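Peer 1: Sequence:
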Amino acid sequence: MSSNIRIASLNLFNFAMPPLAFHEFNNIYTQGQWQQKCDWIARWLQQAQPDLVGWQEVFSPEPLRELCQAAGLAHFALVDSPVIEGFVARKSVVALASRFPIVSLAAVALDAELAFSLGLKDEFQSSRQILRATLMLPGIGHCDTYVVHFKSPRNKLPKGAVELQGAAGLLAESALGRWSAALQRGSEAMLLYQAILKRRRQSDNAVVLMGDFNAGIDSSELKGLLVGAGQLYNGDIRAAGLHGLPDERLKLQLAHFQLLDAWQLWLEVSEQTGDQVTATRPVTHFHGSQGSVVDYLLLSQEFDARSQHSLAEVVDYRVYDKHLLRPQFEQDAQASDHTPILAEVRLRHP
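In case it helps, full-length UniProt numbering puts the sequence shown at residues 1 to 350.
Please keep in mind that the hints were generated in silico from the structure rather than gathered at the bench. In this text, all values refer to a predicted model and were calculated from it rather than measured experimentally. Treat the hints loosely; a few may be bogus.
Said to hold, decoys possible - Okay, derived cross-link-like pairs now, DSS-like style, lysine-lysine, Cα gap no bigger than 30 Å in a straight line:
id, residue 1, residue 2
1, K251, K121
2, K251, K198
3, K322, K159
4, K159, K121
5, K322, K198
6, K91, K121
7, K121, K223
8, K251, K223
9, K198, K223
10, K251, K91
11, K251, K159
12, K322, K91
Based on the provided sequences and hints, a complete structural model is requested.
Peer 2: Next up, the structure:
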């Protein structure tokens with residue numbers, strides 16, 4: 001049996017067991033549709049054989065727990081409950097399933113004072129609770145694993161906030177609503193990043209951050225998650241008291257806290273080994289005919305083959321997109337509108 005570790009993430013797209021409705025009272029799966037959805041998930045779990053999975057859009061946790069346990073993912077975690085009004089599920093949660101023991105579990109608390117200093121309301125909260133589970137991974141040790149589902153691009157403006165009517169009002173609401181959603185999403189991401197840095201300094205644990213980011217990692221609101229030495233201003237380095245360090249020493253100190261895109265880590269390993277891989281990143285979500293990359297796996301330097309602190313390297317990265325590009329109705333009618341993504345890491349010393 002391989003000692004590699006397979007890390008995956010999937011937005012399930014309205015995982016709500018009937019008679020529960022999702023979002024609106026008439027959105028209810030038939031028993032046949034629900035079985036199709038569960039069968040699709042079970043087939044992917046059998047095919048991919050993940051060792052840990054971050055799930056998003058979970059309205060019915062118990063059926064998901066059962067599917068995971070049947071696939072050998074014995075450890076299952078939540079930090080919140082779906083919001084249900086009557087028989088209508090209004091708000092989903094994230095979940096984590098793992099073959100490896102969960103040492104501790106917490107909902108990530110965002111820094112309220114820091115949020116206020118950014119101009120946000122005192123009561124600012126993430127649109128969905130962020131899960132942090134500390135896992136005991138073979139060859140890695142304690143690993144803080146975060147599962148997120150950042151704010152969607154949908155309009156976040158209160159009804160009636162725009163006074164304009166007709167076409168002008170529609171355009172104003174769309175533009176302002178999208179910007180409001182981007183502000184929420186970016187604030188969630190950056191406040192989480194601060195919480196990850198704080199935890200990393202305290203625990204020294206390896207880090208995995210995964211989920212549906214609802215925007216590209218290079219978007220203005222999210223690219224701070226991958227900030228590195230090349231993006232820092234000299235004045236900021238001086239203010240942090242690090243200006244006297246040689247460049248290489250500074251890079252080493254920063255690298256301890258940086259997050260890295262698992263896709264990029266895989267490309268770098270593939271280039272070193274001479275493997276022929278496509279440099280075009282597959283999309284992970286379709287809205288109509290428009291595809292985009294919104295699902296990500298970010299890792300700390302313990303998973304970076306170039307790092308002197310490397311404990312593992314990313315040897316494969318898969319995007320399971322057949323159900324979106326070449327769907328078979330009998331199997332894929334109730335599949336997700338996202339692709340599962342999976343990074344396989346090989347331990348340096350299994």
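Peer 1: Run through the hints listed earlier and report the numbers of any the structure violates, in increasing order.
Peer 2: 1, 3, 5, 10 and 11
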